[in-house]
Amino acid sequence: MSIKIKNLNKIYPNGNHALKDINLEIPSGMFGLLGPNGAGKSTLMRILVALMEPTSGEIEMYGCNLLKERREVRRILGYLPQDFRFFAKYKVAEFLDYAARLSGMNDGKTRKRAVADMLEKVGLYEVRERYAAKLSGGMKRRLGIAQALIHEPKVIIVDEPTTGLDPEERIRFRNLLTHVSSNDTTIILSTHIVGDVSSSCNNMALLNKGEISFRGSPEDMLKRAEGKVWRLCVNDEEYNAINQKYPIIATIPKGNMWDIQVVADKFDEYAAENMPPNLEHAYVYFMEKDLNLWLND
Amino acid sequence: MLFLKNIQSVSKYESKLLYRSWFFKVFATLTVVATIFTAIGTLEESRYVESIPTLLGYSLMFTFNIGQAIVSIFLASEYLKRDKQLDTSEIFYVRPLSNAEYLLGKMWGTIRVFLLLNFIVMAVGVVCGYTKLGAAVDIGSFFSYFLLVNLPTLVYIIGLSTLLMLIIKNQALTFVILLGYIGLTIYYIGDKCYYLFDYMCYNVPLMESTITGFADLPSLIIHRLLYLLLGFSFILFSILMFRRLPNSHYALVPWGIFSAVVFLGAMSLGYLHVANYTVKDAYRNNLILLNNENVGNPKIVTDSCNIDVVQQGKKLFFVTDIVGRPTKDASQFTFTLNPGFEVTEALHEGTPLGIEREEHLLKITFPEEKSVEDTLRFTLKYEGVADERICYLDIPEELLVESAGFSKYKMGKRYVFQDAAYTMLTPESYWYPRPGVCYSNESPDWQQNYFTHFSMKVTPNAGLTPVSQGRISLSDDSLSTMFALEYPLQSLTLLIGEYENISVESDSTLYSAWYLKGHDYFTASFDSIQDTLPQLIRDMRRDIEREVELTYPFKRFSFVEVPVHFASFSRTWTRSQERQQPEMLFLPERGFGLWQFDFNWHIKWRRDRREENKNRGGRILTNLQIEAEVFNHFKSLLMDQNGSVKFDEGRMGRRSVTIEESPYYIFPQMYNFKYNIYSSQWSVANRLVEIRLSRSPWWNNFLARNVNGLSNEEKCNLLLQERSFKDLLKDLELRNLMNNIIEVQGKKLFLGAEKALGVEAFRDSLFNYVKAHAFENISFETMLDTMGRLAGCDIHSELKEWEKPIEVAEFLFGTPTVTKVTTAKKDVFQGDIVISNISDNPGSVNLKLVFWTRNGDKQIFNGERKPNEWVITFGPKETKRIITHWEEAPNIFQCKALFSKNLPMLIGVHTGKVENGKVLTPEGEYPLSSDFLLEKDEIIIDNEDTQFFELSVPPPSGLLNEWIKQKSIDEDFKYSGFAEWNPPMRWTMTTGGGFYGKSIRSAAIIRAGDGEEHARWKIPVPEPGRYELYYYVCKPGEVFWGGWHNRGRKMYNFIVDTGEHVEEHEVNMRRADNGWTLLGTFDVACDTMNVTLTNKTKLRYISADAVKLVKRKDETEE
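For the protein sequence lines, the chains are A and B, in the order given. The first sequence begins at 1 in my numbering and counts up one residue at a time. The second sequence begins at 1 in my numbering and counts up one residue at a time.
Mixed in with the good hints, there may be bad ones.
Unchecked claim - Straight line, CA to CA, 27 Å or less: simulated DSSO-like cross-link-like pairs of lysine-lysine: (1) B:K866 to B:K825; (2) B:K16 to A:K112; (3) B:K866 to A:K140; (4) B:K25 to A:K91.
The hints are simulated quantities; they were obtained by calculation from the structure and are not laboratory data.
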């Protein structure tokens, strides 16, 4: 395993217990960290990139103890934060050059070549003399990932990378990450967009209220949700009654009726059709499921 | 290496950001423009930069330093704000660089931006300087000022602002705090604690001499190193405070230790800086203590002193042969010799003498007791480097270290120079043994201005020339220079440097200019008058001797160029300052700061005017005439008694002016170096006679009275009423007033003799007595006895009065009248004034009648010259009517109440219209009843009546202001001056002839407002009835000013409370006449009438003076 997290806890000074006894082993490849807003994803990410100190626990990253050997860990780390903006007065190539320098690429020629290659790879070579602040949203994301990749890190942590991107840019971005992950690199993709994980990650974990509610592959997660997704047509009255008891994950109007999808362990009260789950269904299922019960299962 | 590379990487991109910011672009543009303008201004400003080329670097780097100190605060805190705002920073925070590398890189990035700006300023400055000065532009000075001033300031302020930003975490607040800090250091803290807090060198003396460099370079380096280290320590502390997890838990420990060490280093330098001065001060106090203990020791009055000086590198080796007479029978005699010189041997007829050395004191013990009849000869050998700390023990330390200012340049003060290239030893350095001790604050017996026959031989370092008093000759080997004097002197001076000279002989006196090599900028200016110089000098000397009424006694007179830092102080006991020595006057290098020495400018200006005159057909001056006119500027330098005039805007709008004596005034050459009146009891004996004989400029008192609210003479009167003369003489705080105190006391001392002989006749007698004793030591007490016998009064016994405060009289002056009476022979104008002494002490009034006619002060009556000024004495409670007759009508009666409570002391009353009369009253003084001038049937409440007059008290101003602002000496007096354009914000008492007052004509002044301040007169009403209420108007100057803003109603607003009614009344100050103005008529039923004057007015200020209540006549009759 490239990253081992043991008994990780983070309690903020205001008493908020953001991470509760997290134990996680992350293999190389794309790893998705899925969870709703406020689940503790960003806290975990910031701890993993050595921007924040945990209250307790241990993290080992490619054999280095993150808490004791930060410099070593930072050498193998690439990070793309969630809210990523630029210093307005840096040009694209300069920005990347700066990041490369700080990552220890001291040889000027090597660095220059690496910057050019990376710009080619992310499709920004043509705009290398443009001020970074003048790039489009997608270009900025690509420049962001370029700076994270410029020094060929072993671990890349990306926090909500596709938020705000149009579908084309999102797909392009995912493909880029998948391409990088093929080189024995660990990419941790923190997101609340289920599609990002389903389409690119081999492994994943589900974080809810500071605790891991699922860990495994997306397929495992789907398996767990099999037989739990129901589809039926209801009128207004039935709709309201169901909505009060079960999570409705899709609602399509059909004449005077509603074609809905419901996630539930059992759904005997209504005449419903069982349907195969997708990762979004599984995600909702796990979020709604009582955590302890599920783990005891 | 990686550490430095990382710093370099961060700094490169940080500076790139700054270069591209609009803020930088604007600042850089402004910097270039401001530098060009400052350079032009500096180069055009008089000829300062031509005198001292380093001033260009000083001016530009200093000006830029202030700008960068402010802007760097903003930029330094800006990047942290940026870091805080943007998550982008986190992509750098996760890199493997350390906190130190990141933060140091950031700061270095900011610093290098400013370094670039500094270099731009230097480059622009050098280019601008080259256009005006050519090769003389001093490039090195730009670098020295950069290293000493700008670099430490930059590092310090960036370190401080970064650290504060990290602590406060708010850019705006950090910016405001730091701007406040800058303002505080510039305007309030200033030079306190020996400039310790002056991080940007705003007040630190930085002027660099072209002869001797900085005044005190070691101290300056300590000061600047202190701020450099402090800046570094703040930067290092910032690493500790930086909110990013370090690379490891212990990564910050070395930085913590390092920052603490650097901080402690800075603190140690701060301590060293202050200790440098305090130790010096303590040492000086110790010297005074030693002097006090040894002031009564036997000493030898030196009749002759032969000095052989050999210079070897920096060191001087002396062999001094002394011949003298003991003042007491004794075997041990005390001398003062600079403590930096080590005495190696003392010989008397080949026998070694006992030597005891205690700091500066040198006690020589003869094998047997010597009597006052003996003539002692002995030889003293000593060597070393002079210690400056012995100089000016009587001057407070803060004055010694206070920078002297010329324009914006601050200059350090030096009193002794001794190194291999340049040496200057004046008598103040005690470079040769002088009898007795030096300054003692307990006994005046330390003074030792005895006349001695000096001769000297000087062997300087190769290439140097010695300069001193006496006829110069060279030794056979030309290695040594001999100085021989034809007359005794009180002291000797030695200068050694690369001196060159030009001389002109006129009437057997050799006039020389000694200047340092390469500093001859003046001979070319006087090409045309080379042949006429002796005549010009002869004429100038004749004019000066006539004006001073004394003759120049020496066979030589030299202007000697000395380093610009050389400073001298006025002393209480002599008019002479160290800047003048017998036969010589020291000028700052290339005449820096003296307008008279800007020869080229003056000649050019006159030539330009000549061209204009040619076109207009006016008078055309030849080159010779122009150069002669400019040459005659020397006279104005030598005859101007006043040096600098310092205006001080004090607290809350109060003002004061201090007039310093000019050190170049030639008088000491003709009096102090020629005559010596000594007293073992009174250190100021010579000074007192000197002041009595010299004529001080009348405008000094005039200026002081108008600005300070009290003339210096009035202040002295007030001081002498409270403290004895003896006590005042010891008060170093009163240094600036001491001349006036001595002058007032001198007047009092000779008042009886002057009344007996006449003012001018007595002065002539005193002159003659002193002139008869040139180059002799005259006993003060003997002189008083002689003068007393001459005048038929006892002057000597008056000295007893000097040990107690003086008792003063108090005078009232009536309104003078002039009546024209036509007699058989001619028209006679009879002047008539009543003067009353209402005190229990006797007193005198100096009465002068001013005539605005052709004859002026030269009045003729019955064919004879008639003095228009005389002294009238009064007994206690005595009132006199003084009648005088004139052929012309006097216009003003000028009454000066000597040694009185009167303020102002001098009142000038206009006589008004001349009435025709029929009978002449014989001239004379006629006694009247003592209450003749006291008001009757009137109730007058003046602002001096504390029982019936009150003023509002404004809320206290800022505590910081109160705490920091030093109290000025003028605040010790109840009355002070004010500026009409910037009146005081609190009620301030001032005096003036236009105000009402029995003996003290004063008023309370306050700035105009909305009526929040008031003055109130509580008038006791003797009985109910109908009264007229008057206010005493003294029209403010502004009602006479022109301009649109001075139009409109200028009212004083009164509220009159009669007990039954409250009424508002106005007085239009534009229309009212000076004097009593009717406010209105009131029916008053109660026993007190309140009149309130508020500060609500469109005038700039109001003055609260006096109100008068007069019962209506018809009421009185009823």
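Checklist entry - For which of the previously enumerated hints does the structure constitute a violation, in increasing order of number? => result Hint 3 is the one this structure does not satisfy, whereas the remaining hints hold.
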